[in-house]
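Trainee: So you can see what is in the structure, the chains are spelled out below.
There are 2 protein chains.
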Amino acid sequence: MRTVFVNGNYVDENDAKISVFDRGFLFADGVYEVTSVLGGKLVDFEGHFSRLTRSLSELEMGLDVSRDDLLGMHRELVLRNNLDEGLVYLQVTRGAADRDFAFPPEGTPNTIVGFTQSLNLINSEKAKTGISVIFVEDLRWGRCDIKTVQLLYPSLASMQARKKGKQGAWFVRDGFITEGTANNAYIVTKEGTIVTRDLSPSILSGITRKAVLACADKLQMKVEERAFSVDEVADAVEAFTTAATIFVMPVVEIEGKQVGDGKPGPVARKLREIYIEESLKAAT
Amino acid sequence: MRTVFVNGNYVDENDAKISVFDRGFLFADGVYEVTSVLGGKLVDFEGHFSRLTRSLSELEMGLDVSRDDLLGMHRELVLRNNLDEGLVYLQVTRGAADRDFAFPPEGTPNTIVGFTQSLNLINSEKAKTGISVIFVEDLRWGRCDIKTVQLLYPSLASMQARKKGKQGAWFVRDGFITEGTANNAYIVTKEGTIVTRDLSPSILSGITRKAVLACADKLQMKVEERAFSVDEVADAVEAFTTAATIFVMPVVEIEGKQVGDGKPGPVARKLREIYIEESLKAAT
Chain W
1 MRTVFVNGNY VDENDAKISV FDRGFLFADG VYEVTSVLGG KLVDFEGHFS RLTRSLSELE
61 MGLDVSRDDL LGMHRELVLR NNLDEGLVYL QVTRGAADRD FAFPPEGTPN TIVGFTQSLN
121 LINSEKAKTG ISVIFVEDLR WGRCDIKTVQ LLYPSLASMQ ARKKGKQGAW FVRDGFITEG
181 TANNAYIVTK EGTIVTRDLS PSILSGITRK AVLACADKLQ MKVEERAFSV DEVADAVEAF
241 TTAATIFVMP VVEIEGKQVG DGKPGPVARK LREIYIEESL KAAT
Chain S
1 MRTVFVNGNY VDENDAKISV FDRGFLFADG VYEVTSVLGG KLVDFEGHFS RLTRSLSELE
61 MGLDVSRDDL LGMHRELVLR NNLDEGLVYL QVTRGAADRD FAFPPEGTPN TIVGFTQSLN
121 LINSEKAKTG ISVIFVEDLR WGRCDIKTVQ LLYPSLASMQ ARKKGKQGAW FVRDGFITEG
181 TANNAYIVTK EGTIVTRDLS PSILSGITRK AVLACADKLQ MKVEERAFSV DEVADAVEAF
241 TTAATIFVMP VVEIEGKQVG DGKPGPVARK LREIYIEESL KAAT
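Sequences listed follow chains W and S, in order.
Position 247 (the first sequence) corresponds to 247 in the working numbering; numbering is contiguous.
Position 152 (the second sequence) corresponds to 152 in the working numbering; numbering is contiguous.
No wet-lab data here; the hints were simulated from the structure.
Remember, predicted model here, so these are calculated numbers, not experimental data.
Any given hint could turn out to be false.
Repeated chains share a single entry, so a pair holds when one copy, or any two copies, can fit it.
[Claimed, not checked] For lysine-lysine, the following DSBU-like pairs were computed, each having C-alpha atoms within a straight-line distance of at most 35 Å:
{"id": "1", "residue 1": "Lys17", "residue 2": "Lys41"}
{"id": "2", "residue 1": "Lys190", "residue 2": "Lys128"}
{"id": "3", "residue 1": "Lys210", "residue 2": "Lys126"}
{"id": "4", "residue 1": "Lys190", "residue 2": "Lys17"}
{"id": "5", "residue 1": "Lys41", "residue 2": "Lys222"}
{"id": "6", "residue 1": "Lys163", "residue 2": "Lys17"}
{"id": "7", "residue 1": "Lys164", "residue 2": "Lys218"}
{"id": "8", "residue 1": "Lys270", "residue 2": "Lys222"}
{"id": "9", "residue 1": "Lys166", "residue 2": "Lys222"}
{"id": "10", "residue 1": "Lys222", "residue 2": "Lys210"}
{"id": "11", "residue 1": "Lys190", "residue 2": "Lys166"}
{"id": "12", "residue 1": "Lys166", "residue 2": "Lys41"}
{"id": "13", "residue 1": "Lys257", "residue 2": "Lys17"}
{"id": "14", "residue 1": "Lys222", "residue 2": "Lys17"}
{"id": "15", "residue 1": "Lys257", "residue 2": "Lys41"}
Bound-form chain W, shown alone (with noise of 0.2 Å):
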């Protein structure tokens, strides 16, 4: 069993209950992080930590708990759970009140949840095969870079891969690959140049992301941070996707077309490589 922080509290994970008046459950109002564990030890929490400040910002929530609030708990929800590789899940609602599209009084409390997964994360099988992604149109909500929980469409996107027997989705609008499902997505083109996104209110601004192109720009490859097309997706020779459980994931098969020679390229599993011993370095 699971021991969960739910408010201030470690319970048995059964026992970890929320409020149906909660404005996570009632209207999707929440913001989370998800935050990777390697040795016990956290990846970037800092980073973490200043991408939910922002998002609650945008979404003008206060937040009751301070940093280091909120680093206790991660470490010893850790320690709890005798996490040595996984995640710690955090999200903060605005917490619970009689349902009005309008914000509850102010000083009504936070709903702050914390749980941990275990997952092997170095050694992860689908990273030494890579993975097949759909393209699916991208019909979420125009702040796609505040981290909310409205997961509703990745999760159905998410299953229509499962269905045709991928294992993830690449999101499109307007012809211009957006991100994936939960990840920032990234083709490198024949000339060798890695090209993803650029950061706007379309995608998630990835803590990953961001080390990731530190450590693209260390190796001196080449970046471009800008829209990419369906039909450079159909020319590139590599692929992959990044996020904070997935580290670099090399992307082998995009809608039914074999990507390069349908194996993990130099690219993404150097990126894996040095993320991973970066990453190793700098948990605390």
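Following the hints, position chain S against chain W.
Mentor: Leaving out everything else, chain S in the frame of chain W:
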């Protein structure tokens, strides 16, 4: 203290809790309905149940309970809470399961929650004066025809209105009005034609909308179901919105500009009167 329904049990509202692993909380993977109550009776339960069924079907979500179960729950909530006038809120989610974008295993039970709110529906003060609304860019997702709990943006839009001292917001996409934050939007042209957006994935198929259009038909009013523009709104002689808990609500000011003479107009007043008459007759 209200009595609330949670997964088969009637409990005190303070004990009305769900798992933090509920997909309604983690993924906004849930749908809802709001049925109004007049004189302790339900207004168009069949309409709401039918739309619920459609929402579930669009999301490939099963329902563990029958129409009769849900009807019984509605009646029981009205009874236990001595509700004379107000609403019954019903939410159904895909249930609780460890967090995964993929749907939970077959057989995972729904989470079903129901509660009441007591409201002055017929003698609404707002209906006497009419309300003021602002325009807000429609940034919602592409499937607003499904009544999901992804209500964060409508909530933000409501707050924007409130900050400006107004009572509501109309969403605008590409220069055309889609609908209100939680209601359908209508104008009356100089020629006396009622215009409201046609049904599509851009708007919710309102249960009250359907009933009000039937009233308009009975009254031999001319109705056009089509997109109408911001410019047409500026030229309108009347405006109003409809929803289960506001019935027909006159709109007397839009984006700072008075509509007609700034008072509830004859079309909205007549439709409200007839709708209430019909609802009182048909409520069961």
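Trainee: Decide, hint by hint, whether the structure agrees.
Mentor: Hints versus structure:
1. With identical chains, the CA atoms of Lys17 and Lys41 are at most 35 Å apart both within one copy (27 Å) and between copies (33 Å).
2. Within a single copy, Lys190 and Lys128 get their C-alpha atoms as close as 22 Å, which meets the 35 Å cut-off; across copies the closest is 67 Å, which misses it.
3. In this homomeric assembly, Lys210 and Lys126 come within 35 Å of each other (Cα to Cα) only inside a single copy, at 22 Å, whereas the closest approach across copies is 50 Å.
4. Neither within a single protomer nor between protomers do Lys190 and Lys17 lie at most 35 Å apart by alpha-carbon distance, with minima of 51 Å and 54 Å respectively.
5. Taking the closest pair of Cα atoms, Lys41 and Lys222 come within 35 Å of each other only inside a single copy of the chain (31 Å); across copies the shortest separation is 67 Å, beyond that limit.
6. In this homomeric assembly, Lys163 and Lys17 come within 35 Å of each other (Cα to Cα) both inside a single copy, at 32 Å, and across copies, at 33 Å.
7. For the homomeric pair Lys164 and Lys218, neither the shortest alpha-carbon distance inside one copy (38 Å) nor that between copies (49 Å) is at most 35 Å.
8. Only within a single protomer do Lys270 and Lys222 lie at most 35 Å apart by alpha-carbon distance; the minimum there is 14 Å, versus 67 Å between protomers.
9. For a Cα distance limit of 35 Å, the shortest separation of Lys166 from Lys222 inside one copy, 29 Å, qualifies, whereas the shortest one across copies, 51 Å, does not.
10. With identical chains, the CA atoms of Lys222 and Lys210 are at most 35 Å apart within one copy only, with a shortest distance of 15 Å there and 57 Å across copies.
11. For a Cα distance limit of 35 Å, the shortest separation of Lys190 from Lys166 inside one copy, 25 Å, qualifies, whereas the shortest one across copies, 55 Å, does not.
12. Taking CA atoms no more than 35 Å apart as the test, Lys166 paired with Lys41 passes inside one copy only; the shortest distance there is 31 Å, against 49 Å between copies.
13. Proximity of Lys257 and Lys17 under a CA criterion of 35 Å is satisfied in neither setting, with 44 Å inside one chain copy and 47 Å between copies.
14. For the identical chains of this complex, Lys222 and Lys17 are neighbours neither inside a copy (48 Å) nor across copies (51 Å), given an alpha-carbon limit of 35 Å.
15. For the identical chains of this complex, Lys257 and Lys41 are neighbours neither inside a copy (38 Å) nor across copies (58 Å), given an alpha-carbon limit of 35 Å.
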